[in-house]
Amino acid sequence: MLRKKTSGVANGPRSAAAFAAVSGDAVDRRTFLKRSGLTAGGIAVAAAAPAGLMTRRAEAANAPGTGGNVQTVKSVCTHCSVGCTVMAEVENGVWTGQEPGFDSPFNLGAHCAKGASVREHAHGERRLKYPTKLVDGKWTQISWDQAIDEIGDKMLEIREQSGPDSVYWLGSAKHNNEQSYLFRKFYAFWGTNNGDHQARICHSTTVAGVANTWGYGAMTNSYNDIHNSRAIFLIGGNPAEAHPVSLLHLLRAKEMNNAPLIVCDPRFTRTAAHADEYVRFRPGTDVGLIWGILWHIFENGWEDKEFIRQRVWGMDQIRTEVARWTPEETERVTGVPGSQLKRVARTLANNRPGTVIWCMGGTQHTNGNNNTRAYCILQLALGNMGKAGGGTNIFRGHDNVQGATDLGVLCHTLPGYYGLATGAWKHWSRVWNVDYDYLLGRFASKDLMEASGFPVSRWIDGVLEAKENVDQPDGLRAMVFWGHAPNSQTRLPEMKTAMEKLDLLVVVDPYPTVSAVLHDRKDGVYLLPAATQFETYGSVTASNRSIQWRDKVVEPLFESLPDHTIMYKFAKKFGMADEMFKNIKIQDNDEPLIEDITREFNRGMWTIGYTGQSPERLRLHMENQHTFDRTTLQAVGGPCDGEYYGMPWPCWGTPEMGHPGTPILYDPSKSVAEGGLTFRARFGVERDGDNLLAEGSYSVGSELTDGYPEFTMQMLMDLGWDADLTAEEKAAIDAVAGPKTNWKVDLSGGIQRVAIEHGCAPFGNAKARCVVWNFPDPVPTHREPLYTPRRDLVADYPTYEDRKMYRLPTRFASIQAQDFSKDFPTILTSGRLVEYEGGGDETRSNPWLAELQQDMFVEINPRDANNLGIKDGDRVWVHSPEGSKVNVMAMVTERVGSGVVFMPFHFGGWYQGQDLRDKYPAGADPYVLGESSNTAQTYGYDSVTNMQETKCTLCRIERA
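Yeah, the sequence shown ends on 960 if you go by my numbering, and it's all consecutive.
FYI, nobody ran anything at the bench for these hints, they're computed from the structure.
Accuracy of the hints is not assured; some may be wrong.
Calculated pairs, DMTMM-like style, for lysine to aspartate or glutamate (alpha carbon to alpha carbon, straight line, at most 25 angstroms) [as the list claims (entries may be wrong)]:
hint	residue 1	residue 2
1	501	136
2	501	149
3	342	299
4	585	435
5	572	872
6	74	99
7	572	465
8	522	535
9	305	316
10	522	918
11	670	688
12	138	918
13	885	465
14	496	157
15	871	894
16	254	277
17	572	149
18	74	551
19	133	623
20	670	641
21	552	623
22	446	435
23	572	590
24	496	855
25	552	588
26	670	656
27	426	136
28	446	500
29	467	500
30	133	500
31	804	706
32	522	136
Throw the hints in and build the complete structure from the sequences for me.
Right, here's the structure in full:
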């Protein structure tokens, strides 16, 4: 699958340094830091060479009197969302070796290539080493004080002239939970909702679609629970490359249960190579494919009728839509024969419970919210929800993309998905111990305080769109990339223009990222070196909602600072530190105390149950990983007996309440106190005269043996349960809104505690809804991609009318009305490689990973390649309908079908044929550069979340 490009070194002018002979000298920490260049690279060779990854270590000299003791520090891998434990060996302050965590129930002693070489992330020689600014086109070293002052002065000037919304604060799925929370709080105190992070462009359509179906927008079960699955249906995901360790859990289900693996993907991936049934379908037709499967399920009466009666609303409307998707119509739209989908449907019906898994292949579409809801409805029809071995196991991308989303690093909500309404702001004002009027005064207006900001997918338009078309006083003038790679976003030519138009561009990151080189600016750019997650500590949330605690491996290297320290320095510069850090201790080195930040969000995030996982409980779980069952994740004996690993949210109540966490969402077979749940009553109690509450379904031990709404103080009073509240709890409830106080805003946790004592879920007991009446398509509907090769289907399945959303005009029909298919006949899709991650700056700067994949490429089917006169290994141009092009290597392979090409999205440092290596700061250019696939990607956004379209556009291929 991979090619060995050379016999020994990665390409590039500095490859000799990367693979220099290992220094024979032992070094202490001071010498290590002093050398920090070739010696660092040499040490990395000894520590990370594939031939002896777990046995060969760099040597650190004994500091006087220390005896050279080696400490083992437990951390969590900073790549994907599986949450693999890393055991770091540290000697005299130097990270000298690593092993995978054999006690971790997630990785069970395994690592992928990225995890096995993660030590290089911290000790990598290509990191930013000190604050830098661009002066007359040259990178110039400056001090931290100068950087904070100059950037701060410019931002305050912009704020004064154009308002707080003219600065965009782009956060990161690489921050730990504490930093993520602090970052969201930071731009709230700055006075804007113009902030976001990577989830917008990876799983925002998942969160919206899933949360609007049954209450919470997250993975319902876990990687480990897949062991219980009798069938695995995987669509739009490639865990063998994107989440390699997760594949161990899928293969265990295949081995133990003989569980059939069904993989639906336009491309025959490494995951598809393990499949019992591979379904190749046309990109962008997920809804049609799912409805085609459901057609056979309904036709044969294979649905779970009793489950639907008790726990599902709106399935009759789904039946009406599905009836249109006969085998003939499904094949016309998706390209999949009806006979194959009947076989898939029968397999799912005969092997229950089965799990449905998806990733960004299903989310990154203009129709993404429809796709994710259709996946959910398939599971509801089969009765596979709220059961071990069932559920929707949504594989998130970055290591803390789940946590950063939960903590509210988004343009449309506060931490815990509270939204932006007045009540949400007043709740967080109470948590933060600040006046609501103080926060209101930080914003340009109350309307803007309660209006969604620009999503990161559209920040470009926040700069370039005409001022009169933007719903805020002025456009964006300053952009802060805080742990985000810009090449992971579409429309890079327009991003280049936007970057050049800004007054100020700030990059805070351990690596320079493509932000440093995409533009042709000569000044007004700052690169600030953030510490890696191995140089700080705190909590991180895996894809299954479990929260793990990282310990600090080494002190920050070079002149890097932890992200939360940088936030404090800026807050102090902006004059908001005293209010913002009221509850958080600031240490002598300007570093906010992480544990205080954890406790603060514990006090406020009642909605999703981020309240019970105190730092002490999290540390206890990490120290006792070996006591947790590898399938159920429940501790068997030991100090965590009965708790679930990482206390997956919701972990109800206060830490003192001792809730064990919720391993499987919506599972009524356990009491709520023991980790069971119902579907959330989030959508009212009736619709169109129909009951929206559950009927005859309730959690074990519930004193209410039918559906019920979410709890309020008034509901406790009506039930006579208010007598169970303590005097302190009653006082806290009275201080909010008395009898009207909802469980989500009760800072005492008393309403939650009492509801759970009576066996009830604080959020109610309702039916999941198949019909989301507040979305553009209440019933999930297939709509042809904006850039579709199937002009014959546009009339039957048109896209949306152009509309305004997130403060900006958004185009749909005006693009689809143009026929690009004659000049651009080939479908372009994109995805991941096992060697690299995200925008790739970090992993392409790792010599061990860089050696494995040195060329950016496009996969082309042999038939198409032969028709175009292209041979394997040729250089080709991939042309976009929007006028851009990329120069890449052709990989001729049957992995893609005829008419479809695939490019990975991890490359950067080239732009439309131009090598930009000389634009990087000296010594900070990644070993491997290449064109960004998103230079050739086109306009297109989801109708609910503005998720970018990366999985189906059009292109033209020709030899270079």
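Results for each hint:
About 16 angstroms separates the Cα atoms of residue 501 and residue 136, which keeps this hinted pair within 25 angstroms; it holds. Straight-line distance between C-alpha atoms of residue 501 and residue 149 comes to about 22 angstroms, which keeps the hinted pair within the 25 angstroms bound. With a CA separation close to 10 angstroms, the supplied pair residue 342 and residue 299 stays within the 25 angstroms bound. For the hint linking residue 585 to residue 435, the alpha-carbon distance of about 20 angstroms falls within 25 angstroms, and the restraint holds.
Of the supplied pair hints, the one linking residue 572 and residue 872 is violated, its CA atoms being roughly 56 angstroms apart against a limit of 25 angstroms. Under the criterion of a C-alpha separation no larger than 25 angstroms, the hint pairing residue 74 with residue 99 is consistent with the structure, at around 10 angstroms. Straight-line distance between C-alpha atoms of residue 572 and residue 465 comes to about 33 angstroms, which puts the hinted pair past the 25 angstroms bound. Taken as a hint, the residue 522 and residue 535 pair is broken in the structure, with Cα atoms around 32 angstroms apart against an allowance of 25 angstroms.
Taken as a hint, the residue 305 and residue 316 pair is honoured in the structure, with Cα atoms around 11 angstroms apart against an allowance of 25 angstroms. Taking the CA atoms of residue 522 and residue 918, the gap is about 14 angstroms. The hint holds against a cut of 25 angstroms. Straight-line distance between C-alpha atoms of residue 670 and residue 688 comes to about 32 angstroms, which puts the hinted pair past the 25 angstroms bound. This hinted pair checks out: residue 138 and residue 918 have alpha carbons roughly 11 angstroms apart, not beyond 25 angstroms.
Pair hint residue 885 plus residue 465 holds up; C-alpha atoms about 23 angstroms apart against a cutoff of 25 angstroms. Pair hint residue 496 plus residue 157 holds up; C-alpha atoms about 24 angstroms apart against a cutoff of 25 angstroms. A distance of roughly 14 angstroms separates the Cα atoms of residue 871 and residue 894; the hinted pair therefore holds under the 25 angstroms criterion. For the proposed pair residue 254 and residue 277, the alpha carbon gap of about 13 angstroms is at most 25 angstroms, so the pair holds.
Taken as a hint, the residue 572 and residue 149 pair is honoured in the structure, with Cα atoms around 11 angstroms apart against an allowance of 25 angstroms. The suggested pairing of residue 74 with residue 551 holds, with an alpha-carbon distance near 6 angstroms, which does not exceed 25 angstroms. Taking the CA atoms of residue 133 and residue 623, the gap is about 43 angstroms. The hint is violated against a cut of 25 angstroms. Of the pairs offered as hints, the one joining residue 670 and residue 641 holds, with about 16 angstroms between alpha carbons and a cut-off of 25 angstroms not exceeded.
Taking the CA atoms of residue 552 and residue 623, the gap is about 14 angstroms. The hint holds against a cut of 25 angstroms. For the proposed pair residue 446 and residue 435, the alpha carbon gap of about 15 angstroms is at most 25 angstroms, so the pair holds. Taken as a hint, the residue 572 and residue 590 pair is honoured in the structure, with Cα atoms around 10 angstroms apart against an allowance of 25 angstroms. A distance of roughly 23 angstroms separates the Cα atoms of residue 496 and residue 855; the hinted pair therefore holds under the 25 angstroms criterion.
For a cut-off of 25 angstroms, the pair hint linking residue 552 to residue 588 stands: about 18 angstroms separates their Cα positions. As the CA atoms of residue 670 and residue 656 are separated by approximately 21 angstroms, the hinted pair is consistent with the 25 angstroms bound. The hinted pair formed by residue 426 and residue 136 fails the criterion: a straight-line CA distance of about 47 angstroms is larger than 25 angstroms. Taking the CA atoms of residue 446 and residue 500, the gap is near 31 angstroms; set against the 25 angstroms cutoff, the hint is violated.
Using a Cα cut-off of 25 angstroms, the hinted pair residue 467 and residue 500 holds, with the two alpha carbons roughly 17 angstroms apart. Taking the CA atoms of residue 133 and residue 500, the gap is near 15 angstroms; set against the 25 angstroms cutoff, the hint holds. The suggested pairing of residue 804 with residue 706 is violated, with an alpha-carbon distance near 42 angstroms, which exceeds 25 angstroms. Between residue 522 and residue 136 the CA atoms are separated by roughly 5 angstroms; this keeps the pair inside 25 angstroms, and the hint holds.
Hints 5, 7, 8, 11, 19, 27, 28, 31, counting from the list given before, are not met by this structure.
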